[in-house]
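K.L.:
What follows is the residue order along each chain.
2 protein chains.
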Amino acid sequence: MNGQQAYLEQLGQAAKTSGFALANLGIKAKNQLLAAIATELDADRSTILAANCRDVTAAQKAGLNDAMIDRLQLDDARLSAIIADIDNVIALADPVGEEFDNRLLDNGIRLSRRRVPLGVIGVIYEARPNVTVEIAVLALKTGNAVILRGGKETRESNVALAAAIRRALDKEGLPADCVQLIDNPDRALVNGLLKLDKYVDMIVPRGGQGLQRLCAEQATIPVILGGIGICHLYLDKDADTSRAADVIINAKVQRPTVCNALDTLLIHQDKLDWLPKVAEALKEKGVRLVACEQSRQRLLNAGIAADMATEESFATEWLSLTLGIQVVRDIDAAIAHIRTYSSGHSEAILTDNLTAATYFMNEVNSAAVYVNASTRFTDGGQFGLGAEVAVSTQKLHARGPMGLEALTTYKWLAIGDYSCR
Amino acid sequence: MNGQQAYLEQLGQAAKTSGFALANLGIKAKNQLLAAIATELDADRSTILAANCRDVTAAQKAGLNDAMIDRLQLDDARLSAIIADIDNVIALADPVGEEFDNRLLDNGIRLSRRRVPLGVIGVIYEARPNVTVEIAVLALKTGNAVILRGGKETRESNVALAAAIRRALDKEGLPADCVQLIDNPDRALVNGLLKLDKYVDMIVPRGGQGLQRLCAEQATIPVILGGIGICHLYLDKDADTSRAADVIINAKVQRPTVCNALDTLLIHQDKLDWLPKVAEALKEKGVRLVACEQSRQRLLNAGIAADMATEESFATEWLSLTLGIQVVRDIDAAIAHIRTYSSGHSEAILTDNLTAATYFMNEVNSAAVYVNASTRFTDGGQFGLGAEVAVSTQKLHARGPMGLEALTTYKWLAIGDYSCR
Chain A
1 MNGQQAYLEQ LGQAAKTSGF ALANLGIKAK NQLLAAIATE LDADRSTILA
51 ANCRDVTAAQ KAGLNDAMID RLQLDDARLS AIIADIDNVI ALADPVGEEF
101 DNRLLDNGIR LSRRRVPLGV IGVIYEARPN VTVEIAVLAL KTGNAVILRG
151 GKETRESNVA LAAAIRRALD KEGLPADCVQ LIDNPDRALV NGLLKLDKYV
201 DMIVPRGGQG LQRLCAEQAT IPVILGGIGI CHLYLDKDAD TSRAADVIIN
251 AKVQRPTVCN ALDTLLIHQD KLDWLPKVAE ALKEKGVRLV ACEQSRQRLL
301 NAGIAADMAT EESFATEWLS LTLGIQVVRD IDAAIAHIRT YSSGHSEAIL
351 TDNLTAATYF MNEVNSAAVY VNASTRFTDG GQFGLGAEVA VSTQKLHARG
401 PMGLEALTTY KWLAIGDYSC R
Chain B
1 MNGQQAYLEQ LGQAAKTSGF ALANLGIKAK NQLLAAIATE LDADRSTILA
51 ANCRDVTAAQ KAGLNDAMID RLQLDDARLS AIIADIDNVI ALADPVGEEF
101 DNRLLDNGIR LSRRRVPLGV IGVIYEARPN VTVEIAVLAL KTGNAVILRG
151 GKETRESNVA LAAAIRRALD KEGLPADCVQ LIDNPDRALV NGLLKLDKYV
201 DMIVPRGGQG LQRLCAEQAT IPVILGGIGI CHLYLDKDAD TSRAADVIIN
251 AKVQRPTVCN ALDTLLIHQD KLDWLPKVAE ALKEKGVRLV ACEQSRQRLL
301 NAGIAADMAT EESFATEWLS LTLGIQVVRD IDAAIAHIRT YSSGHSEAIL
351 TDNLTAATYF MNEVNSAAVY VNASTRFTDG GQFGLGAEVA VSTQKLHARG
401 PMGLEALTTY KWLAIGDYSC R
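Chains as they are written, first to last, in my numbering: chain A, 1 to 421; chain B, 1 to 421.
In case anyone wonders, no lab produced these hints; they're calculated from the structure. Quantities reported herein were computed from a predicted structural model and do not represent experimental measurements. Every clue listed holds true.
Chain copies aren't distinguished; within one or between two, either way the pair holds.
Heads up, simulated DSSO-like pairs for lysine-lysine below, C-alpha to C-alpha not over 30 Å straight-line:
hint, residue 1, residue 2
1, 16, 152
2, 271, 411
3, 237, 16
4, 237, 411
5, 237, 283
6, 16, 198
7, 198, 171
8, 283, 271
9, 271, 237
10, 171, 152
11, 28, 16
12, 28, 171
Next comes chain A alone, as it looks inside the complex (with noise of 0.2 Å):
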């Protein structure tokens, strides 16, 4: 075993042991600790900002752009709204603890499920500070140990806010190893954390593509895939003109670079004529168009200029103003062309036909499935789950918006009476 290996048997060892102190508290004592972190974040204010100050100063030199160094950036103002979201986190329901299938098997034995931490999660994020206290609040509110890896861009920032967690984890008499933090930038922890599968119960990578691929590649500990979003809508036959320019503009422009922004419009061609309007209004937006040949000619028809989509462009989420459209036959084409091109994150239909909406989410499997709303609303807070730990595009265990149930797991309890099969 190298130095490499020990460490990161030590660290998985280390979270699974604390797991087991955090697992039967009581939500009196989660939520008193959750307060402790909030109160050693304000006590340290300074010295975060200091090592924030420090990993800014170093992104500017490395030439990273303004969107990143914004990203990573705190001030006062930040960190206080990084300090009042543990209060949102305290004031939600506990998942941890409930019973429920509860029944009484022929044989006699009393069978329940009960809901239980999951033990170890593994958190892998891009430089964002905030996510290293969101996540280890949302863990630790739900009973779970959690390994943190950040980017390396924001390493001083995440190391002082690791800090103050763990003494937070201190004064309260639990162990401080409940959060660890990956802090050596080193690439080949990532894989090697990856790999930890006797300790670490399941991993969450919050970043693009590359990320998401390596991790689906090298775990052997179940992933959470999501946080890609290649989303269409679908303008029916039937769709309201009046109102259908509003939600297609807001699914593309109030917030172009999250996965829940809209990347294609899918027209139906006998609305062929109306997508001038729409165009023109999210040319004024600054959106970029990248259209089908069809929906190109009548746009350039109508002097609106626009580029020519490709299979590629189609598959691509554009995580900015740029908005790809394709003119189809009916409610079948577009479907296929979801079927074919979509991530599975979210899609919309609007129409005022029944039949239409009905057959549209009964054939559309993606996460989130919308009639006559744009696809902007795929967030935990706006599902009322009160947190999102990621936006979760596979199948298994979670599925879309991810709130505190899907850190937890069940055990089945089975009472017998020196019961025997």
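Assemble the complex: chain A is given as a structure, and chain B must be docked to it using the hints.
P.N.:
Frame of chain A; chain B shown alone:
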């Protein structure tokens, strides 16, 4: 792309497309399909039994042991039992289509979760022809397409069984590719199947440690690991010894070759003098004892032979008439032993003490935790699930015995009124 890759691509694509045809079938149509499969299998008896006969002959030539040959052999009665089991699946409730967590969001959107098929399930299993029918039927009942990869020793039987199933699909107007069999014994196809994440939603390996490990390491698709049980029974100081022996014997000898059979007896030190009594009864049943130093000494003093336990023996799933024995100081030592050696399958405590029982249920975090009952109850049928896809020992998606619901996922449905965020 080489020939094998092209074959796998086509297999996956066909499964995915076929799955869409199943996804929205009503329960009546699905049950009619299952009945048609029973009819075809019945009509095909002579072909199936002849194929199986070829497998048996080949297995005998290859020198397989009697137990293995017995497992792969079919006769008229066994085939009748397989067919009759289809009626049991027909009688089960269909989890697909259920809507739950229906709620009206603040923004006026009506949100719910609808239970839907996973899509495509890949199942890798050993030389048991009954599994071919069982898994195909469970998958179809829940609207899933399935790719089957059975043991090479039952290749001929599986080809005949799959042909009958596919004929039934065809007669019911459904794509035959809803059920596909990989009948080429090349192991590389298993590795290829494990990476078909573009088409396959879940892999269920039904086999030993080697297969489970291969899947954990190679799959880019979510895998349900399971079926490995290093199971413990802790005899507490407050156990009723007049009733305990029956449970211990049942857990060990009622069916020693399966995953929920007992592997290690943990005995409280105060009960050590009672050990020879149960040990004698176990010996009478042909059980070999592998005991820790203290218990071995006590047994030897009573004239009962026992082998010496080691770290390795405690980490062994016996699958045979062998029982490990470890004396423990107290309940915490028992729990520590379980945490070290358990595979997370099934553990039991025998006690009349409520505090001990509660503590054990809280602190032991295996898929099934028993108080005063044999570990042998961990089974889909015993738990009232009606069917058993597998017994999961991981914590995501499904844990313990997996019924039909484990072959489904959900999608979020949201109905708005041209709603924007």
